[in-house]
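Novice: Using the hints provided, position chain A relative to the given structure of chain H.
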Amino acid sequence: MADNSNSNDNDVNSFQKQKNKEEMQKQLITFALMILFTIIAFVVVATGVMDGMFVIPVILILAIVQVAFQLYYFMHMKDAGHGMPAVMMYGGVWAAVLALAALGVITWW
Amino acid sequence: MSHDHSITPESMPNEPEKATQEGKNKFIGFWFFLGGETVLFASLFGTYIALRNSTADGPTADELFGLELVFIMTILLLTSSLTSVYAMYHMKNNNFKKMQLWLGITAILGLSFLGSEIYEFTHYITGYDFTFRSSAFGSAFYTLVGFHGGHVTFGMAWLIGLMIRNAKRGLNLYNAPKFYVFSLYWHFIDVIWVFIFTVVYLMGKVG
Chain H
1 MADNSNSNDN
11 DVNSFQKQKN
21 KEEMQKQLIT
31 FALMILFTII
41 AFVVVATGVM
51 DGMFVIPVIL
61 ILAIVQVAFQ
71 LYYFMHMKDA
81 GHGMPAVMMY
91 GGVWAAVLAL
101 AALGVITWW
Chain A
1 MSHDHSITPE
11 SMPNEPEKAT
21 QEGKNKFIGF
31 WFFLGGETVL
41 FASLFGTYIA
51 LRNSTADGPT
61 ADELFGLELV
71 FIMTILLLTS
81 SLTSVYAMYH
91 MKNNNFKKMQ
101 LWLGITAILG
111 LSFLGSEIYE
121 FTHYITGYDF
131 TFRSSAFGSA
141 FYTLVGFHGG
151 HVTFGMAWLI
161 GLMIRNAKRG
171 LNLYNAPKFY
181 VFSLYWHFID
191 VIWVFIFTVV
201 YLMGKVG
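Protein chains in written order, with full-length UniProt numbering: chain H, 1 to 109; chain A, 1 to 207.
Note that these hints are calculated values from the structure, not bench results. Since we're looking at a predicted model, the values are computed, not measured. Don't be surprised by glycine CBs; every beta carbon is placed ideally from N, CA and C. Just to be clear, a hint being listed does not mean it is correct.
Claimed, not checked - Straight-line alpha carbon distances no greater than 20 Å define the calculated DMTMM-like cross-link-like pairs of lysine to aspartate or glutamate that follow:
id, chain 1, residue 1, chain 2, residue 2
1, A, 205, A, 63
2, A, 97, A, 15
3, H, 21, H, 79
4, H, 17, A, 15
5, H, 78, H, 23
6, A, 205, A, 117
7, A, 178, A, 15
8, H, 78, A, 15
9, A, 26, H, 79
10, A, 178, A, 37
11, H, 26, H, 79
12, A, 98, A, 37
13, H, 17, H, 51
14, A, 18, H, 79
15, A, 18, H, 23
16, A, 178, A, 22
17, A, 205, H, 51
18, H, 17, A, 10
19, A, 26, A, 37
20, A, 168, A, 10
21, A, 205, A, 62
22, A, 168, A, 63
23, A, 98, H, 22
24, H, 21, A, 15
25, H, 19, A, 15
26, A, 24, H, 79
27, H, 17, H, 79
28, A, 26, A, 15
29, H, 26, A, 63
30, A, 98, H, 23
Stated by the list, open to error - Reference listing, derived: stretches of chain A covered by chain H, where coverage requires no fewer than 3 residues with Cβ under 8 Å from a Cβ of chain H:
id, segment
31, 12-22
32, 32-41
33, 71-78
34, 81-89
35, 179-191
With the rest of the complex left out, here is chain H:
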C-alpha cells in the first residue's frame, strides 16, 4: 500500500471510477424498473381492469420481482463474495414461507 505514494491524495484510480460509474447506470435502470412495477401494481388495482381472481397473483409476482431487484442490485447480492448473505436470506425466506403457510393454513381450514 505504501508504494502507491505517487497517487497524491486518497483518490480512486480512473479504471475503478469508470467501473463504479457503469455500476451506477445499472442501478438507475433497476430503479426505473422498480418504479414501473410499482405503477403497474397500483394502476391494476385502482382501475380494476383485471378480474379479482387474477389481480392478487399479478401484484404478488410484481412485488417479488421488485424485491429481487432490490436484494440483488441495490443490496449487491449479485456481486461476488455474497455466499453467506444468500445463505442467511434464503434461510430467512424459508422460515418465512413456513410461518406464512402455517398461519394461512390454520385460518383457511
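Specialist: Below, chain A without anything else, positioned relative to chain H:
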C-alpha cells in the same frame, strides 16, 4: 486527523466496507440480522393475513385505505432507497462530501415518509375511530405497519447519528462499514414496504 495508515490508507481500496476484518464481520453479522428480520416480519404478515377480515363490525380495509397517500409514500421510500445507492456510489469513489449530501437527501425522504405515516394513522383514528383496539384487523394492521414505521424511525435516528458523529472524521476504513451496513438496513426497510403496500393496501382494496 489520524495518521494511522491502517485506517486511512494512501489509496482507498475498491470496497472500503470490507477492507478490514471488523468490516467483514459487520457485513456477515448484519446479513444474519436481516435473515432474522425476514422471519420476524413474516410472522407479522401471516398474522395480518389471518386476521384481516376479522373487523368486528368496525371499518374494513376497503373503507379505510386511500391509494393516493400510499402511492406517494411508496415513491418516497423507493426514491430514498436509490439515494442511499448514490451515497454508497460516492463512498466507493472516496468522495465524503457527496456521500454526506446523498445521505442527507435520504434522511429528508425518510422523514417525509414518516410524516405521511403519522398523518395516515391520525386520519384513521380521528376520522374513522379505527384504533389498535377496534378489532383483530385493527391490532394486526397497527402491529405490522407500526413495526415497519418503528424500523423507519430507528433508521432515521441511526442515519442522523452516523452523519453527525462522522461529519468531521471524513471517510476511512473504520467508518466505511458503518455507512455500508446502514445502507443495507435502509434497502431492507424498502423490501418490507414493497410487501406492505402489496399485501396490506393493494390486496385490501381488491378484497
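Novice: Decide, hint by hint, whether the structure agrees.
Specialist: For each hint, the structure was consulted:
For the suggested pair residue 205 of chain A and residue 63 of chain A, the alpha carbons sit about 8 Å apart, so the restraint of at most 20 Å is met. With a CA separation close to 18 Å, the supplied pair residue 97 of chain A and residue 15 of chain A stays within the 20 Å bound. A distance of roughly 16 Å separates the Cα atoms of residue 21 of chain H and residue 79 of chain H; the hinted pair therefore holds under the 20 Å criterion. Simply put, residue 17 of chain H and residue 15 of chain A have alpha-carbon atoms about 12 Å apart, close enough for the 20 Å limit, and the pair holds.
Of the supplied pair hints, the one linking residue 78 of chain H and residue 23 of chain H holds, its CA atoms being roughly 12 Å apart against a limit of 20 Å. A threshold of 20 Å between alpha carbons decides the hint, and for residue 205 of chain A with residue 117 of chain A the separation of about 18 Å falls inside it, so the pair holds. Proposed proximity of residue 178 of chain A and residue 15 of chain A is supported: the alpha carbons are some 13 Å apart, at most 20 Å. Using a Cα cut-off of 20 Å, the hinted pair residue 78 of chain H and residue 15 of chain A holds, with the two alpha carbons roughly 15 Å apart.
About 17 Å separates the Cα atoms of residue 26 of chain A and residue 79 of chain H, which keeps this hinted pair within 20 Å; it holds. For the suggested pair residue 178 of chain A and residue 37 of chain A, the alpha carbons sit about 19 Å apart, so the restraint of at most 20 Å is met. Proximity of residue 26 of chain H to residue 79 of chain H is assessed by CA-CA distance (about 13 Å); at most 20 Å being required, the pair is judged to hold. Pair hint residue 98 of chain A plus residue 37 of chain A does not hold up; C-alpha atoms about 30 Å apart against a cutoff of 20 Å.
Between the alpha carbons of residue 17 of chain H and residue 51 of chain H the distance comes to roughly 49 Å, so the proposed pair goes past 20 Å and is violated. A threshold of 20 Å between alpha carbons decides the hint, and for residue 18 of chain A with residue 79 of chain H the separation of about 13 Å falls inside it, so the pair holds. About 18 Å separates the Cα atoms of residue 18 of chain A and residue 23 of chain H, which keeps this hinted pair within 20 Å; it holds. For the hint linking residue 178 of chain A to residue 22 of chain A, the alpha-carbon distance of about 10 Å falls within 20 Å, and the restraint holds.
A distance of roughly 13 Å separates the Cα atoms of residue 205 of chain A and residue 51 of chain H; the hinted pair therefore holds under the 20 Å criterion. Restraint check for residue 17 of chain H and residue 10 of chain A: the C-alpha separation of about 17 Å stays at or below 20 Å, so the hint holds. Restraint check: the Cα-Cα separation between residue 26 of chain A and residue 37 of chain A comes to about 16 Å, which is no more than 20 Å; the hinted pair holds. With a C-alpha separation of about 19 Å, the suggested pair residue 168 of chain A and residue 10 of chain A falls inside the 20 Å cut-off, and the hint holds.
Using a Cα cut-off of 20 Å, the hinted pair residue 205 of chain A and residue 62 of chain A holds, with the two alpha carbons roughly 5 Å apart. Proposed proximity of residue 168 of chain A and residue 63 of chain A is contradicted: the alpha carbons are some 50 Å apart, above 20 Å. Between the alpha carbons of residue 98 of chain A and residue 22 of chain H the distance comes to roughly 18 Å, so the proposed pair stays at or under 20 Å and holds. Taking the CA atoms of residue 21 of chain H and residue 15 of chain A, the gap is near 14 Å; set against the 20 Å cutoff, the hint holds.
This hinted pair checks out: residue 19 of chain H and residue 15 of chain A have alpha carbons roughly 12 Å apart, not beyond 20 Å. For the hint linking residue 24 of chain A to residue 79 of chain H, the alpha-carbon distance of about 15 Å falls within 20 Å, and the restraint holds. Between residue 17 of chain H and residue 79 of chain H the alpha-carbon distance is near 17 Å, which keeps this suggested pair within the 20 Å criterion. Using a Cα cut-off of 20 Å, the hinted pair residue 26 of chain A and residue 15 of chain A holds, with the two alpha carbons roughly 14 Å apart.
With a CA separation close to 40 Å, the supplied pair residue 26 of chain H and residue 63 of chain A exceeds the 20 Å bound. Pair hint residue 98 of chain A plus residue 23 of chain H holds up; C-alpha atoms about 17 Å apart against a cutoff of 20 Å. Under a criterion of three residues with beta carbons nearer than 8 Å to beta carbons of chain H, the stated coverage of the segment 12-22 of chain A is upheld, 3 such residues being counted. Coverage of the segment 32-41 of chain A by chain H holds [criterion: at least 3 residues with CB-CB distance below 8 Å; count 8].
Evaluation of the coverage hint for the segment 71-78 of chain A: fulfilled, as 4 residues show C-beta separations to chain H shorter than 8 Å, against a requirement of three. Check on the segment 81-89 of chain A: 5 of its residues sit with their Cβ under 8 Å from a Cβ of chain H, so the three-residue criterion for coverage holds. With 5 residues carrying a beta carbon less than 8 Å from a beta carbon of chain H, the segment 179-191 of chain A meets the three-residue requirement, and the given coverage holds.
Figure legend: structure checked against the earlier numbered hints; hints not met, in rising order: 12, 13, 22 and 29.
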